[in-house]
Amino acid sequence: MKAAVIVFPGSNCDRDVEVALTQSMGAPPLMVWHRESEFPAVDLIVVPGGFSYGDYLRAGAMAANSPAMVETRRRADAGVAVLGICNGFQILAETALLPGVLMRNAALRFICRDVHLRVERKAAPFTGKYTEGQVIRIPIAHADGNYFTDDETLARLEGEGQIAFRYAQPDGAVTPSANPNGSRANIAGITNTAGNVLGMMPHPERLADPALSGTDGRPMFDGLVEALG
Amino acid sequence: MIARVHVTLKQGVLDPQGKAIANSLKSLGFSAVSGVRQGKYIEVELAGSDRESARAEVQDMCERLLANTVIEDYTIELDG
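For the protein sequence lines, the chains are A and B, in the order given.
Heads up: the first sequence begins at 1 in this note's numbering, then just goes up one per residue.
Heads up: the second sequence begins at 1001 in this note's numbering, then just goes up one per residue.
Since the hints were derived computationally from the structure, they do not count as laboratory data.
By construction, the Cβ of each residue, glycine as well, lies at the ideal position given by its N, Cα and C atoms.
Warning: the hint list may mix true and false statements.
[As the list claims (entries may be wrong)] Which stretches of chain A does chain B cover? Using the computed rule of at least three CB atoms under 8 Å from a CB of chain B, they are: (1) 13-21; (2) 136-145.
[To be verified] Chain B is nowhere near these chain A residues, computed Cβ spacing over 12 Å in every case: (3) M1; (4) K2; (5) G10; (6) R74; (7) G133; (8) T153; (9) A194; (10) G223; (11) L228.
Assemble the whole structure, with the sequences as input and the hints as a guide.
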């Protein structure tokens, strides 16, 4: 598998993703500066976490119009796998590669802690190494992670199996108290209809090494390598 | 010409910041406050004097960048 990580001014999880990908791939990904509209063909593009453009206007709004994202959008439409984590999810929502929007957390606070996620769907290329209903522990670190979309789109996400992860109790129960940020239907991550674009607020790259006190994020990167060659 | 753009959350979209502002106003003694909705104000300076084309252009700006129409409404006023 060949992968690229888009780097914006204000990205701060680009290196974490680079390390997690290198561990699973055995070779480092390509780091692509946001001004680049041309970069070599890759099997996976990662839009990392951080505060691209200082979250000016709305989180992800400026980054969504950068040359690298215009190219990422073109490639996603052609079927290339795209993973957006945290600010990356916000950017993918702003580019309309994924439906909905990430609003300010319901309690208005920045939240930085581990949460439990229930894997809603086992599907390549992103969640093929997890099992359906599996509960994993992954950190969140965001102020704008409150997923919102209209009733019609939410029904479509549910019906088409586009919800990849929900915030849950350690036993897997999806309850209001397990919802850290007010997201509709406890949504922590969704895919597009084709399944080649995933956006998630939690950070799998931050728990992909035993030295970081957990490895629940690693199967995502191992699964990508397995699925994409 | 100056375009004055107001971006506000759509009715029905929860506005926790507006709610926090309302609570603060009430704790300051403004007991008549029954609700607050907050938003953004953006001034765009434009060259040219054709109001119709300016309005169309600013509307395009709102649709493509200034507002996220999934959750936000916008209004445009032209000045000058």
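Notebook entry, point to check: Checking against the hints above, which ones are violated?
Noted result: 1, 2, 8
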